Amino acid sequence: MAKENPEYLFLQEKPTLALLAIWFYGRTYASVITKEINSTFAHTTKILSRMEEDGLVVFSVEGRIKYVELTEKGHNVVSLLKELVISLGGELPDEYDLEGRHEVSGDELDPTSAEILDRINKLRLKVESIYKELVDSDADAETAKRKLGPFSRELAMIGDVIDSSETPVDDDVISAFNATREVFLSLLNKNG
Numbered sequence: 008m009a010k011e012n013p014e015y016l017f018l019q020e021k022p023t024l025a026l027l028a029i030w031f032y033g034r035t036y037a038s039v040i041t042k043e044i045n046s047t048f049a050h051t052t053k054i055l056s057r058m059e060e061d062g063l064v065v066f067s068v069e070g071r072i073k074y075v076e077l078t079e080k081g082h083n084v085v086s087l088l089k090e091l092v093i094s095l096g097g098e099l100p101d102e103y104d105l106e107g108r109h110e111v112s113g114d115e116l117d118p119t120s121a122e123i124l125d126r127i128n129k130l131r132l133k134v135e136s137i138y139k140e141l142v143d144s145d146a147d148a149e150t151a152k153r154k155l156g157p158f159s160r161e162l163a164m165i166g167d168v169i170d171s172s173e174t175p176v177d178d179d180v181i182s183a184f185n186a187t188r189e190v191f192l193s194l195l196n197k198n199g
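When you line the sequence shown up against this note's numbering, it's residues 8 to 199, in that order.
What the hints contain is simulated information worked out from the structure, not anything from laboratory work.
Just so it is clear, the structure is predicted and the values come from calculations on it, not from any experiment.
Keep in mind that the hints are not guaranteed to be accurate.
To be verified - Per label pair, the in silico range of CB-to-CB distance:
{"id": "1", "residue 1": "67", "residue 2": "89", "range": "20 to 26 Å"}
{"id": "2", "residue 1": "175", "residue 2": "52", "range": "41 to 47 Å"}
{"id": "3", "residue 1": "174", "residue 2": "34", "range": "37 to 43 Å"}
{"id": "4", "residue 1": "52", "residue 2": "87", "range": "38 to 44 Å"}
{"id": "5", "residue 1": "68", "residue 2": "145", "range": "29 to 35 Å"}
{"id": "6", "residue 1": "48", "residue 2": "171", "range": "40 to 46 Å"}
{"id": "7", "residue 1": "132", "residue 2": "49", "range": "24 to 30 Å"}
{"id": "8", "residue 1": "143", "residue 2": "67", "range": "38 to 44 Å"}
{"id": "9", "residue 1": "73", "residue 2": "121", "range": "24 to 30 Å"}
{"id": "10", "residue 1": "182", "residue 2": "20", "range": "37 to 43 Å"}
Note that the Cβ used here is the ideal one computed from N, Cα and C, for glycine as well.
Let the sequences and hints guide you as you build the complete structure.
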């Protein structure tokens, strides 16, 4: 099998883990993926460049931050990879086995659900941004917990708003909240 064929990429551990990690975080940074797959930054950027060439990921730059996220084709490949792992009798790592992991748009939501979704998205962006800084600075687990810990209060407040809402909160917003909580807990419990 020739190395230039796209399927060669996914018969290797690191690219598969990288794609699953991008799916898990939704929108993230190369340095976060590097740490997730236990690789070098150079090797990770090579993998991500190849994924971009194959139309699986796209990069976007906001200020000084360069984000990576899956394309529709990338989401389809993740679904197939998950099915392959399961059909071969394996199990996905717990953090990659989230039900309903997808982006939700506030446009089709009622005002209460849209406001809650906005708070969820802002919290997730803050947490991921701080986590990126922690990864870039090679912070230890104690520093990570000290920096990320205070966001558990905001997460709890959003949960309280959902629980006490007079109007039913959209199921997609609740799924987004649960996914964000899983991401937060996963990042908080990483070994710096």
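To see whether the hints hold, each was checked on the structure:
no.: 1; hint: 67 / 89: 20 to 26 Å; verdict: holds (25 Å)
no.: 2; hint: 175 / 52: 41 to 47 Å; verdict: holds (44 Å)
no.: 3; hint: 174 / 34: 37 to 43 Å; verdict: violated (29 Å)
no.: 4; hint: 52 / 87: 38 to 44 Å; verdict: violated (24 Å)
no.: 5; hint: 68 / 145: 29 to 35 Å; verdict: violated (24 Å)
no.: 6; hint: 48 / 171: 40 to 46 Å; verdict: holds (44 Å)
no.: 7; hint: 132 / 49: 24 to 30 Å; verdict: holds (27 Å)
no.: 8; hint: 143 / 67: 38 to 44 Å; verdict: violated (18 Å)
no.: 9; hint: 73 / 121: 24 to 30 Å; verdict: holds (29 Å)
no.: 10; hint: 182 / 20: 37 to 43 Å; verdict: violated (29 Å)
Against the hints set out earlier in the document, violations occur for numbers 3, 4, 5, 8, 10.
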